[in-house]
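4 protein chains.
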Amino acid sequence: MNKRKIFNDPVHGFITIPHELIFDIIEHPYFQRLRRIKQLGLSDYIYPGALHTRFHHALGAFHLMRKAISILKIKGIEITAEEELGASIAILLHDIGHGPFSHTLERTLIKGVNHEHISKIFLQKLNQEFDGKLSLAIKIFEGTYTKKFLHSLVSSQLDVDRLDYLTRDSFFTGVNEGIVSYDRIIEMMNVQNDELVIEQKGIYSIENFIISRRLMYWQVYLHKTVLCVEQMLIKAVERAKYLIENDITLPCSEALDFFLKNKITLHDFETNSQAIQHFADLDDVDVFAALKSWKNTSDNVLSLLCSSILNRHLFKIEITKEPFTESEITKLKEKAAAYFKLPQEEAKWLIFQDSTYNHAYNAKQGTIKIIDQQGNVQNAENISQHLEATVLSEKVVKYFVCYPKALSTI
Amino acid sequence: MNKRKIFNDPVHGFITIPHELIFDIIEHPYFQRLRRIKQLGLSDYIYPGALHTRFHHALGAFHLMRKAISILKIKGIEITAEEELGASIAILLHDIGHGPFSHTLERTLIKGVNHEHISKIFLQKLNQEFDGKLSLAIKIFEGTYTKKFLHSLVSSQLDVDRLDYLTRDSFFTGVNEGIVSYDRIIEMMNVQNDELVIEQKGIYSIENFIISRRLMYWQVYLHKTVLCVEQMLIKAVERAKYLIENDITLPCSEALDFFLKNKITLHDFETNSQAIQHFADLDDVDVFAALKSWKNTSDNVLSLLCSSILNRHLFKIEITKEPFTESEITKLKEKAAAYFKLPQEEAKWLIFQDSTYNHAYNAKQGTIKIIDQQGNVQNAENISQHLEATVLSEKVVKYFVCYPKALSTI
Amino acid sequence: MNKRKIFNDPVHGFITIPHELIFDIIEHPYFQRLRRIKQLGLSDYIYPGALHTRFHHALGAFHLMRKAISILKIKGIEITAEEELGASIAILLHDIGHGPFSHTLERTLIKGVNHEHISKIFLQKLNQEFDGKLSLAIKIFEGTYTKKFLHSLVSSQLDVDRLDYLTRDSFFTGVNEGIVSYDRIIEMMNVQNDELVIEQKGIYSIENFIISRRLMYWQVYLHKTVLCVEQMLIKAVERAKYLIENDITLPCSEALDFFLKNKITLHDFETNSQAIQHFADLDDVDVFAALKSWKNTSDNVLSLLCSSILNRHLFKIEITKEPFTESEITKLKEKAAAYFKLPQEEAKWLIFQDSTYNHAYNAKQGTIKIIDQQGNVQNAENISQHLEATVLSEKVVKYFVCYPKALSTI
Amino acid sequence: MNKRKIFNDPVHGFITIPHELIFDIIEHPYFQRLRRIKQLGLSDYIYPGALHTRFHHALGAFHLMRKAISILKIKGIEITAEEELGASIAILLHDIGHGPFSHTLERTLIKGVNHEHISKIFLQKLNQEFDGKLSLAIKIFEGTYTKKFLHSLVSSQLDVDRLDYLTRDSFFTGVNEGIVSYDRIIEMMNVQNDELVIEQKGIYSIENFIISRRLMYWQVYLHKTVLCVEQMLIKAVERAKYLIENDITLPCSEALDFFLKNKITLHDFETNSQAIQHFADLDDVDVFAALKSWKNTSDNVLSLLCSSILNRHLFKIEITKEPFTESEITKLKEKAAAYFKLPQEEAKWLIFQDSTYNHAYNAKQGTIKIIDQQGNVQNAENISQHLEATVLSEKVVKYFVCYPKALSTI
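So the protein lines, in turn, are chains A, B, C and D.
The numbering of the first sequence is this note's numbering, which starts it at 1 and goes up by one.
The numbering of the second sequence is this note's numbering, which starts it at 1 and goes up by one.
The numbering of the third sequence is this note's numbering, which starts it at 1 and goes up by one.
The numbering of the fourth sequence is this note's numbering, which starts it at 1 and goes up by one.
Since the hints were made in silico from the structure, they are not lab data.
The reader is advised that the hints may include incorrect statements.
Here are a few chain D residues that sit away from chain A, every Cβ distance over 12 Å (derived from the structure) [said to hold, decoys possible]: (1) Ile74; (2) Met188; (3) Thr297.
If you anchor each label on the Cβ, the simulated ranges turn out as follows [said to hold, decoys possible]: (4) Tyr399(A) <-> Thr249(B): 28 to 38 Å; (5) Asp194(D) <-> Pro18(A): 21 to 31 Å; (6) Glu199(C) <-> Asp24(D): 52 to 62 Å; (7) Asp24(C) <-> Gln374(A): 28 to 38 Å; (8) Asp372(B) <-> Arg312(D): 19 to 29 Å; (9) Thr325(B) <-> Thr225(D): 28 to 38 Å.
Short derived list, chain C residues pointing at chain B, Cβ under 10 Å [what the hints assert, rightly or not]: (10) Gly13; (11) Thr16; (12) Ile22; (13) Asp24; (14) Leu85; (15) Asp183; (16) Arg184; (17) Ile248; (18) Thr249; (19) Pro251; (20) Cys252.
Here a beta-carbon is modelled for each residue, glycine too, at the ideal position from N, C-alpha and C.
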């Protein structure tokens, strides 16, 4: 084919696109849209290099899928050319349903419809456009294909998605401690009874993978300043919705306007082609353009939130192991109302609390399987003293409250 | 100070901010704006990792300035604390006047006012806000300070600006060949008779620096596909300006609207505070938000250009050593008019030609000085057989024409 | 000085030697000898890149010491130029007493005298040669200097020695998972009440440091094949000693001969200048040259061990959680005696068992101190859920037996 | 097979051994010997990390060969499994004939027999041991196989040997400027009319390759201090030979003794199995063990040379563009004779002069072929303005003289 293409990836080196169908999917506007959705939302406010996109991550995960399949084939696992293509497409499109600022706005812009739902709708639409050629990919993506291990490569405790994003996020943030030996882990992959397993001598790499992931959560994904700015963005969008509901006009793009004005359900997405079309038009640009426009709006709350985000005048965030008491929050709200000359009930827009948690290794969501030299398969946590330690399997919860810095000095 | 701050930079490791004034400058909205201006414009269309910003580059160059000054001080060159601060601020702000998509739109949005002009205006404004504390930095920036070598560190054939951007652009594009041994070059810096010089044993690193820079020009900055998409963006903005002049309404941000509607001169910037304020509000987001909105406009030309950029349906580009002839261009325009059903005179918006050039080592713009062990200073091109070769000092010109891909098959 | 020197280090970049005395110490034959002692003994049999030397590591640790001191000084900790020089020399020479193949032969060649003993003797001798200029360095090295934190930088649970060797060993083995964020840890260093502490926001880096160290132990330092070849080398040297005691002549270097023939005690080293002079002549070359010569000796046991090491025909190693039983070992010895036609009592030279252990974080040997924003100091294991987990503080023991591969198939 | 093996390579990541025969060749003592021959001789005296071996380089070049073949096959070039195996073995063994300190002692220890000659003899012997399975590899190695491009991959201006050693030497020395985009170059490889060609868009990578190679020559391979210590080693070995010819006994290994005492010719190697067996026993260890022993010899000249090398008390080296005059040399010799109390005719052992040269791109030795999109093949120097420049095609000669440092101050 004359469509052969190579991407230069500072993380993995050269990424080769080996198939015309994959080339055509990458060219599709749905996929090109991912160029405008950053992988880590607003984390670049703390790690200025972290501007990489879902587009780049999807290509990287695709590259690792090809490596994994190649290793498994060398080890004698039967994988047909169709299955390889299907798994490759499944991983390429696994995040296609993400909206602007990914997880941050996932439950704000559109309530009750998560990105997996939307990914499936996009997959169906693309399958129609490409004459059913994505049917096997969809089965693998949804976990309904007979060879289950292919789905595990796409989505499990140790899938190529995680291997790529941990590596990529470490690379672009500069947090070297998050580095995972993805190539070693892939070398150790095998399949036993249709189950994806890791050969026992890779156990230390698995431990390191779990620990690195935990570190990335606290140091990057749930970094306190990241939490804070994300909350500020959520509040800004919620305030905008609230104002619009109260018939205030706020300039923004047509696509964003659609989701601010309407309560869109999964049913709408499935039946109303306008919904998915508007969603396909939505990306980080719409949100930031709106913030830039709203920073001059007459509503003081919205204007304060927007200009604070844009100029990186971040709120103060306090983190604790226990929830904040009602009275602590009330005191802060009173301060805010007085300081910003707001009605008491408006103060909640500037004082926000929430909690976050991390589960380093949650065996309930499936475990990593280890195969020993005799062919016995066990759960990783039964083999590694380290993973069995309760600290990793325990859910860690942190509570936080955010408020304008001005309040901390009064 | 409790404002001590560290940035995580995947390129240089940790960047420490050692001074309160520098911290405050970084916090200023003018500087934060650089977070929204990509260093390499649309190069991420070819190198998906190349999303780094002028903000990041400014911090990196600042970091190298501190290294260079520290090395020079160890070698006995007198540099006071004030001078160090001044040079640090000068490099931090050297690109503050860049607008959206930097060089691409520099001569399109605002004619006759380049980014250096605007940098100086920003510097003056910041100097006022910071009670004259930037006066020395401004002198160093403009080259009027007595110790000329400080200006050379900010701006010359071998300044820390170039050392950072070559390194950074290599890193984020993944073009390893552009790697420059910036640390070795800085180790070899010295000052003789108020002139920045390189110690002779660094001559191979200097050669490598020139060659790497040349390679980055052809492989990245002037990559044919980059040229093409940049031209498409220029044409889209020019078409928008043209339509607005003809009283067509096009939605866009207030700041962008200001520059599309008005012919702003350097004089306006100096006298009309509105001009600089609007400029300070302008960044990559405004332009991309406009493209997204204009792709649905009723003007076919503008709509085609915008949707082609957004969906990365790039035009075809042909590059030659000689200019294209009038008749070749006319033929293409006729094809375009026919194919897109446009009046003949509109075809020029879809068929564009231009030329670009690169000068690997232009001794007329100042040379790199080499000092031998006896203390004699010579121009690099007199010492290195390599640099004296005409191929490096010759200006290389390439001509190109771009047109919609559809035309190449008819 | 005209002795200014820069080392090119692929790990840390450029290492600058800032002081004439340090330059002269590096030039001394005692220090140059470290060029011929590999940091990781025979680990290159498994990781072919792991050929780096104690010389290189000493320079790297020295470089990190300078970084640490520079950070502490910026934070207001008083460290005089003399103290800086003393601490720099202390770390530069911390491993000067290592003999050939470091830990592997430490208890074989010379019984009852470890490398710390010998380091102190070398330090005293150098101090004499350099007119007492190393006195402060010796105090810091031995922990008798008033500012205890300087000793902690040289030797503690989180010293620059460990930071360099983990980083360096990761780099040259290619085991990326061992990467430690040494620069971040150094950035987080501080001193409180004369105690080296880490600022609390560095806690994840500390966790990662402990985990990475643990991983490096199992994956590199105590890798089963490394254990096996090291045991083979020990047995070869012990066999040679045994033969020499029984009046068999074995060719080898004069220095090695001295230690094979004589039982040297610490007292000998302190009183007999010949002992330390011979030791200063001894390095990896002597041992490997001996192996090469002995592989042709008439003693079958020694010849088998030597040629097996040289040609990398490694023995088989079995690792278990419980010690091997007497009868298992006896059975192996019988097999060996039969197969190699040896008297029963000679079989022990080819069948060897031992145990090894690792202690990821042994609080009894001193703990890592964390300081919070209020200035309170606590042990790391009291703050980090992760470090308090018993799995890290428990000593892990592994038992192993090695025997010629031929025996496994009969 | 249960012989599947993976090497951890810090340069290329994991290197997989895919074939039992290759595994067995690697296990052979001839190949294991390469573990004891450093790739860059004594360059670690200047670049302390440069301790990597011919063993490691051979594995790396083998890895790149497999990559290159895989790319060519994807592009439709027919390469059978046998040919792939043959080319892989040919590159794996391309340096098998190197002796201790490679090029340094190549013309000193054994006159008139270079390492290519010896490689061929080793190849023949291995072919016998492996029942003729290396016949195709030998044909490819010698360039007599019908598909010539396979030989070009092993040995030409742009073979995988060069791609690996430039990359590897850059990596271990830390000279980043030598980095070559080997993966990009391999991606651009193709075959036209049985000729290995590079696709035109790789032209900048080719230029960079030539420039980087030139830089590595002057900065590493022919670094003045490297030249000096190599000359000192050559003189030490020559002096030892001279003493032995004069019936002085010098202790050393049996293998080294054989080559010091006898004048071995190519004919001897071909007919006398003892010669090749002794050569197979010879490596860097023998030479360094000899130096260590000879440093205490009664011959002052040899003793001075050996202890100077071991303690890195290097001679002074002066480099010029013109040869030194007879009288300059005579003057130095007189000084040396006086200072070291030597007979006049012995002074030549301490005063040595020679010349060295580098040819960045010598079109006479074959050129790099570039293929354009129309399928036309041209020489790289005809396409690249850069490569056609005379500076690269000119041979650069440097003259040098070395003498003990003591002489420079009298």
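Status of each hint after checking the structure:
Not every C-beta of chain A lies more than 12 Å from that of isoleucine 74(D), the closest at about 7 Å, which undercuts listing it as non-interface. The claim that methionine 188(D) is not at the interface with chain A is violated, since a C-beta of that chain comes within 12 Å of its own (minimum 10 Å). Non-interface call for threonine 297(D) relative to chain A: holds, since the shortest CB-CB distance, roughly 50 Å, exceeds 12 Å. At roughly 50 Å, the beta-carbon separation of tyrosine 399(A) and threonine 249(B) lies outside the given 28 to 38 Å, and the hint is violated.
Taking 21 to 31 Å as the suggested C-beta distance range, the pair aspartate 194(D) and proline 18(A) conforms, at roughly 26 Å. About 55 Å separates the C-beta atoms of glutamate 199(C) and aspartate 24(D), a value consistent with the hinted range of 52 to 62 Å. The supplied range of 28 to 38 Å is broken by aspartate 24(C) and glutamine 374(A), whose beta-carbon atoms lie about 59 Å from each other. At about 26 Å, the CB distance of aspartate 372(B) to arginine 312(D) agrees with the hint of 19 to 29 Å.
Between threonine 325(B) and threonine 225(D) the beta carbons are some 59 Å apart, a value that contradicts the proposed interval 28 to 38 Å. Nearest Cβ of chain B to the Cβ of glycine 13(C): about 5 Å, under the 10 Å cut. The hint holds. Here the hint on threonine 16(C) is kept, as its CB sits about 8 Å from the closest CB of chain B, short of 10 Å. The beta carbon of isoleucine 22(C) is not positioned within 10 Å of any beta carbon in chain B (closest approach about 14 Å), and the interface hint is therefore violated.
Taking 10 Å as the C-beta cut-off, the interface hint given for aspartate 24(C) is violated, the closest approach to chain B being about 19 Å. Hint status for leucine 85(C): violated, given a least beta-carbon distance of 16 Å to chain B, over 10 Å. Hint on aspartate 183(C) holds. Least Cβ distance to chain B is approximately 5 Å, under the 10 Å limit. The interface hint given for arginine 184(C) is met, as the beta carbon of that residue sits about 7 Å from the closest beta carbon of chain B, less than 10 Å.
Below 10 Å, beta-carbon pairs count as interface contacts, and isoleucine 248(C) has none with chain B, the closest being about 55 Å; its hint is therefore violated. For threonine 249(C), the shortest C-beta to C-beta distance to chain B is roughly 52 Å, which exceeds 10 Å, and the interface hint is violated. Among the interface hints, the one on proline 251(C) is violated; its C-beta lies about 45 Å from the nearest C-beta in chain B, farther than the 10 Å criterion. Taking 10 Å as the C-beta cut-off, the interface hint given for cysteine 252(C) is violated, the closest approach to chain B being about 42 Å.
Of the numbered hints stated above, those contradicted by the structure are hints 1, 2, 4, 7, 9, 12, 13, 14, 17, 18, 19 and 20, listed in ascending order.
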